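Below are the chains, spelled out letter by letter.
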Amino acid sequence: MKTLTTTLAAILVMLATALPAHAQKTDDSLYRDLGGLDVLTKVVDDTLALALADARIKDTFKETDMKRLAKLITEQFCELSGGPCKYSGDPMKEVHQGLGLSNMQFNALVEDLQAAMDKSGIPSRTQNKLLALLAPMQRTVVTK
Amino acid sequence: MTNKTGRGLRQASAMALMSVAALLSAAASAQNAMTPDMGKLMATAGVVQVEGAGGGGLVPWATITGYGSRDSYGANVHYTYVGTQDYKLASYGVAVGIADRVELSVAKQRFTGSQAPLNNLRIDQDIYGVKVKLAGDIVYDQDTWMPQLAAGVMVKRNNGVGGLGAAITNVRDLGAKSDSGIDYYLAATKLFLDQSLLVNATVRATKANQMGILGFGGDKGDRYQAMLESSVAYLLNRQWVVGAEYRMKPRNLGADNEKDYYDAFVAWFPSKNLSLTLAYVSLGDITVYNPKRQDGVYLSVQAGF
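In order, the protein sequences belong to chains A and B. Per this note's numbering, the first sequence starts with residue 1, numbered consecutively. Per this note's numbering, the second sequence starts with residue 1001, numbered consecutively.
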């Protein structure tokens, strides 16, 4: 019992000290770390070029206006990272309804985005900050 | 075989049946279910720990091994070598992850001594593991505090002691109450992508002496005790992860003033098919007859999908 109590206490201490507070989205530091609108535009263009060549997901863009998609994703990344943009597309749930996307396909696009961010020289820790904001979208994007 | 081991095997069998059901449902829901989808992100499946379960180096995590997403499966083989001043531990095994829900693992460990009079010492152990993910997702739950949670069992069978003469052939001859045992654990793994940081906490109920290498229970105690095991890892990038671990240990044997384990590791993921983990480990002194702290190297290679 003593060991159990010690263990639980240790877990609580560990959680309290190890869990970093979630970053406040009131500043534009991530947007600036990513390199601003020019870099984001290039990252999104590169991501979609990779996605169209990616056998795992290219067919999901068959009906898609890629130019419009690039504009909307750029807006979204810009807004999410604290930049001066406003996402003008439809809600994520709506636009992905019926696509029957899987976790594997969601992650495939993430991997294409990671490769695109590598190409633009964005450091891993900055990449992960953006991915942390995108990851919860899995719940609305993946329907399979 | 003891009653407890029998019960553990029955529990393991029940979980194995559940995993078959999970596989069948995955097969029904995915068109290409039989082709592994490698659908997890690099390194997010962790590596295989020293007892054959998905995790870090010493600690089992809540992650399900392999790169199969919830619509698929993954599997890997591993070889792990731990070498300290006076002892070596070599282990190898196979682990399968099904539908990112159930993990099955088998590992064989061989512990040997190199310092006289233990230079012919040889102890073998088999470990059968089952782990079930209970809740949460290590990657997607970035906007909540929810970690990925999993529960697991390790059914361990010590296969005897060699090299100490005819009088000592079983770990019971060294003071252990049993040569088989079952560990139960609950693991919580949280990836803070915003910080590129992974934190794991595992609570294990165990009677195992030196993971079971020196048997289960002993003259100083033969009851289940809760042990905390924890890992912290920093993702340098998608291919390189560094971290440290701590593993609390029981002290059941008078002949073994058992100490907690520590390690500091670096893991390299050149691809989703291969990983290498190099660590510095501190295992404490293994027996009162050689009260020297055992520090050394941990090297693990893992191949799979």
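By construction, these hints were calculated from the structure, which means they are not laboratory data. Here the structure is a predicted model, which means the values were calculated and not measured. Glycine included, every Cβ here is placed at the ideal spot set by N, Cα and C. It is possible that some hints are incorrect.
[As the list claims (entries may be wrong)] Derived, one-sided and incomplete: chain A residues facing chain B with beta-carbon distance under 7 angstroms:
| # | residue |
| --- | --- |
| 1 | L99 |
| 2 | S124 |
| 3 | R125 |
| 4 | T126 |
| 5 | N128 |
| 6 | K129 |
| 7 | P136 |
| 8 | Q138 |
| 9 | T140 |
[Stated by the list, open to error] Below, in silico cross-link-like pairs of lysine-lysine (BS3-like), each with a Cα-Cα straight-line distance of 27 angstroms or less:
| # | chain 1 | residue 1 | chain 2 | residue 2 |
| --- | --- | --- | --- | --- |
| 10 | A | K144 | B | K1088 |
| 11 | A | K86 | A | K71 |
| 12 | B | K1272 | B | K1177 |
| 13 | A | K42 | A | K119 |
| 14 | A | K144 | A | K42 |
| 15 | B | K1177 | A | K119 |
| 16 | A | K67 | A | K119 |
| 17 | B | K1088 | A | K58 |
[What the hints assert, rightly or not] Here are the in silico distance ranges between beta carbons for each label pair:
| # | chain 1 | residue 1 | chain 2 | residue 2 | range |
| --- | --- | --- | --- | --- | --- |
| 18 | B | A1303 | A | G89 | 26 to 34 angstroms |
| 19 | A | G121 | B | D1124 | 45 to 53 angstroms |
| 20 | A | A55 | B | P1270 | 16 to 24 angstroms |
For each hint, the structure was consulted:
1. Given hint, L99 of chain A at the interface with chain B, is violated; its Cβ is 15 angstroms from that chain's nearest Cβ, farther than 7 angstroms.
2. The criterion of a C-beta within 7 angstroms of any C-beta in chain B is met by S124 of chain A, whose closest approach is roughly 4 angstroms, and the hint holds.
3. For R125 of chain A, the interface hint holds, the least distance from its beta-carbon to any beta-carbon of chain B being 5 angstroms, beneath 7 angstroms.
4. Of the supplied interface hints, the one on T126 of chain A is violated, with its beta-carbon coming no nearer than about 10 angstroms to a beta-carbon of chain B, more than 7 angstroms.
5. Because the closest C-beta pair between N128 of chain A and chain B is about 5 angstroms apart, less than 7 angstroms, the hint holds.
6. Hint status for K129 of chain A: holds, given a least beta-carbon distance of 5 angstroms to chain B, under 7 angstroms.
7. A distance limit of 7 angstroms between C-beta atoms decides the matter here; for P136 of chain A the minimum to chain B is near 4 angstroms, and the interface restraint holds.
8. Because the beta carbon of Q138 of chain A sits about 4 angstroms from the nearest beta carbon in chain B, less than 7 angstroms, this interface hint is met.
9. Given hint, T140 of chain A at the interface with chain B, is violated; its Cβ is 11 angstroms from that chain's nearest Cβ, farther than 7 angstroms.
10. With a C-alpha separation of about 47 angstroms, the suggested pair K144 of chain A and K1088 of chain B falls outside the 27 angstroms cut-off, and the hint is violated.
11. A C-alpha spacing of about 11 angstroms is found between K86 of chain A and K71 of chain A, which places the hinted pair at or below 27 angstroms, so the restraint holds.
12. Among the hinted pairs, K1272 of chain B with K1177 of chain B is inconsistent with the structure: their alpha-carbon atoms are about 42 angstroms apart, more than 27 angstroms.
13. With a C-alpha separation of about 10 angstroms, the suggested pairing of K42 of chain A with K119 of chain A holds against the 27 angstroms cut-off.
14. Taken as a hint, the K144 of chain A and K42 of chain A pair is broken in the structure, with Cα atoms around 30 angstroms apart against an allowance of 27 angstroms.
15. With a C-alpha separation of about 59 angstroms, the suggested pairing of K1177 of chain B with K119 of chain A is violated against the 27 angstroms cut-off.
16. Taking the CA atoms of K67 of chain A and K119 of chain A, the gap is about 20 angstroms. The hint holds against a cut of 27 angstroms.
17. This hinted pair does not check out: K1088 of chain B and K58 of chain A have alpha carbons roughly 50 angstroms apart, beyond 27 angstroms.
18. Evaluation of the 26 to 34 angstroms hint for A1303 of chain B and G89 of chain A yields a failure: the beta carbon distance comes to about 42 angstroms.
19. For G121 of chain A and D1124 of chain B, the Cβ-Cβ distance of about 51 angstroms falls inside the hinted range of 45 to 53 angstroms, so the restraint holds.
20. Roughly 22 angstroms separates the CB atoms of A55 of chain A and P1270 of chain B, a value that falls within the hinted 16 to 24 angstroms.
The structure does not agree with the numbered hints 1, 4, 9, 10, 12, 14, 15, 17, 18 stated previously, though it agrees with the rest.
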